[in-house]
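Build the full structure now, drawing on both the sequences and the hints.
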Amino acid sequence: MNPYFLLHQTLCGAIAAAGFGVLFNIGFRSLPWCAASGAVALAVRTYCLGLGWNLEAASFAAALTVGAAVQVLRARTDISQNALDVVGCIPMVPGSFAAKAILGMFALTSASTMDASETLITAVQYALRVTFTIGAIGTGLAIPTLLLRVRVNR
Amino acid sequence: MDAIESLIPEDSGSTPALEPLAMVALDAGRLLMEAGASANSIDEIVAKVARGLGADRVDLRIGYASLAVTIGIGHSGITRMREVGHLGVNQRLDQELWHLADKVARGELTTAQTRAELTRLATKTPRHSAWVMAVAVGLACAAFGRLLGADWSSTGPVFLAAGIGQLVRRELLTRHVNVFICASIVSFLSSLLGGLGANWAGSTTITTAMIASILLLVPGVPSVNAQNDILEGHPTLGSARAVTVAVILIFAAAGLWLGQVLLANWH
Numbered sequence: 001m002n003p004y005f006l007l008h009q010t011l012c013g014a015i016a017a018a019g020f021g022v023l024f025n026i027g028f029r030s031l032p033w034c035a036a037s038g039a040v041a042l043a044v045r046t047y048c049l050g051l052g053w054n055l056e057a058a059s060f061a062a063a064l065t066v067g068a069a070v071q072v073l074r075a076r077t078d079i080s081q082n083a084l085d086v087v088g089c090i091p092m093v094p095g096s097f098a099a100k101a102i103l104g105m106f107a108l109t110s111a112s113t114m115d116a117s118e119t120l121i122t123a124v125q126y127a128l129r130v131t132f133t134i135g136a137i138g139t140g141l142a143i144p145t146l147l148l149r150v151r152v153n154r
Numbered sequence: 001m002d003a004i005e006s007l008i009p010e011d012s013g014s015t016p017a018l019e020p021l022a023m024v025a026l027d028a029g030r031l032l033m034e035a036g037a038s039a040n041s042i043d044e045i046v047a048k049v050a051r052g053l054g055a056d057r058v059d060l061r062i063g064y065a066s067l068a069v070t071i072g073i074g075h076s077g078i079t080r081m082r083e084v085g086h087l088g089v090n091q092r093l094d095q096e097l098w099h100l101a102d103k104v105a106r107g108e109l110t111t112a113q114t115r116a117e118l119t120r121l122a123t124k125t126p127r128h129s130a131w132v133m134a135v136a137v138g139l140a141c142a143a144f145g146r147l148l149g150a151d152w153s154s155t156g157p158v159f160l161a162a163g164i165g166q167l168v169r170r171e172l173l174t175r176h177v178n179v180f181i182c183a184s185i186v187s188f189l190s191s192l193l194g195g196l197g198a199n200w201a202g203s204t205t206i207t208t209a210m211i212a213s214i215l216l217l218v219p220g221v222p223s224v225n226a227q228n229d230i231l232e233g234h235p236t237l238g239s240a241r242a243v244t245v246a247v248i249l250i251f252a253a254a255g256l257w258l259g260q261v262l263l264a265n266w267h
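The listed protein sequences correspond, in order, to chains A and B.
Under the working numbering, the first sequence has 145 at position 145, and the numbering climbs by one with no breaks.
Under the working numbering, the second sequence has 25 at position 25, and the numbering climbs by one with no breaks.
Calculated from the structure, these hints are not laboratory results.
Errors might be hidden in some of the hints.
Here are some of the chain A residues that sit facing chain B, going by a computed Cβ distance under 8 angstroms [unchecked claim]:
1. Cys12
2. Gly19
3. Ala142
Just the calculated beta-carbon pair ranges, DEER-fashion [as the list claims (entries may be wrong)]:
4. A:Phe5 <-> B:Glu108: 50 to 58 angstroms
5. A:Phe28 <-> B:Lys103: 22 to 30 angstroms
6. B:Phe180 <-> A:Thr109: 14 to 22 angstroms
7. B:Gly85 <-> A:Leu51: 44 to 52 angstroms
8. A:Leu73 <-> B:Ile181: 54 to 62 angstroms
9. B:Asp56 <-> A:Phe28: 23 to 31 angstroms
10. B:Arg106 <-> A:Leu7: 42 to 50 angstroms
11. B:Gly54 <-> A:Met1: 25 to 33 angstroms
Short, incomplete list of chain B residues facing chain A, as computed with Cβ under 7 angstroms [to be verified]:
12. Gln91
13. Ala136
14. Val224
15. Val243
16. Ala246
Model, not experiment: these values are computed from the prediction.
The beta carbon of each residue, even a glycine, is placed where N, CA and C say it ideally should be.
See below:
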């Protein structure tokens, strides 16, 4: 795998996660944790995609890693575990696929659609990828929480 | 006999402290829910506050738009319900609420003091300024664009379009515009600005830039919460959240579609 590409994806993941951290009203002192969470998520996902895994499997592995890391580190941060792992996985939420799936559905109703069956299949493929990827992220985050959850002072 | 069935309604006058206790516990849960917490966290904080204030038994029902709790002390009991407002995300409020719940659990606060603290947190918890949020969201969407494969020349326009979209969204939400309508308006504006800017900058990935410009609208926290809630035994709330996420995406896509149509006609 090209290390520069891995670094690029990791940095973009960190910036996106930190940006959403601000949107979620996380304090400036805690933003580095958000950036780290996003960086880990994108690094793992990019590495797994480089190994030939599909997007859903790579997203699952990344979410599992972030979820487990957040569980281990939660005592050191003052952010709720829920916020930290969600912020880290936000850059992996397939928003563009969702938009393409819905736009594809809109296109089906257009009178000028040339190949309706191809448009439909593409839209459904995008919709399924969105569903499976979000499912993979949610499951990946939930497993460490359910297995390792300890009631400590938050 | 079931413990709840044996409770005597508070109306009999046996335990006068139940009413304020129940309402304070519900308010703690309501504020946490409005700050973007999952069902298990809400359950946990209501139980923590109620038990810290002296409740023996706490049973909570979490709906999408309301919370209902039954509090029991000895043989007395009370059931109360509280409406829940717009579900946003506010991490600092979440954090402060947990600190408060810890204090209550240690027995450091009375019911009246807890109520005063909750009021203070709801009104005084600081938020980042609109400009800081706009810059942060712009940077996040520009990074999203790069992750999606947008070229470098489109990152500036995406940054500006998403930042302006965030400013407009905040203004609309302050004016209590419906969140779905707000998603459509912001999506239309941001995608159009992102597309026009990317075209002006000579980008070859205009469609990707338009999509990246509206990714501030992706409801990431509700979508993850929806799944968590279903996995943790709250399928009703989880399903309601999932439907809300789907409708927001549809409204956002409608705005994007309109932006694409206008841009295509422009050319």
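Consistency of the hints with the structure:
1. Cys12: Hint holds; Cys12 of chain A Cβ to chain B Cβ min 4 angstroms, cut 8 angstroms.
2. Gly19: With a minimum Cβ separation of about 3 angstroms from chain B (threshold 8 angstroms), the hint on Gly19 of chain A holds.
3. Ala142: At 5 angstroms from the nearest chain B Cβ, Ala142 of chain A passes the 8 angstroms test, so the hint holds.
4. A:Phe5 <-> B:Glu108: 50 to 58 angstroms: Holds, since Phe5 of chain A and Glu108 of chain B (Cβ atoms, about 53 angstroms apart) stay within the stated range.
5. A:Phe28 <-> B:Lys103: 22 to 30 angstroms: About 25 angstroms separates the Cβ atoms of Phe28 of chain A and Lys103 of chain B, which means 22 to 30 angstroms holds.
6. B:Phe180 <-> A:Thr109: 14 to 22 angstroms: Distance hint for Phe180 of chain B, Thr109 of chain A holds at roughly 20 angstroms.
7. B:Gly85 <-> A:Leu51: 44 to 52 angstroms: holds, 45 angstroms
8. A:Leu73 <-> B:Ile181: 54 to 62 angstroms: violated, 40 angstroms
9. B:Asp56 <-> A:Phe28: 23 to 31 angstroms: Given range 23 to 31 angstroms: violated, Cβ gap about 42 angstroms.
10. B:Arg106 <-> A:Leu7: 42 to 50 angstroms: Cβ of Arg106 of chain B to Cβ of Leu7 of chain A: about 46 angstroms, so the range 42 to 50 angstroms holds.
11. B:Gly54 <-> A:Met1: 25 to 33 angstroms: violated, 59 angstroms
12. Gln91: Result: holds, 4 angstroms to nearest chain A Cβ.
13. Ala136: holds, 3 angstroms
14. Val224: Holds, because the Cβ-Cβ distance from Val224 of chain B to chain A comes to roughly 5 angstroms (cut-off 7 angstroms).
15. Val243: violated, 14 angstroms
16. Ala246: violated, 9 angstroms
Violated hints, listed in ascending order, are 8, 9, 11, 15 and 16; each of the other numbered hints is respected by the structure.
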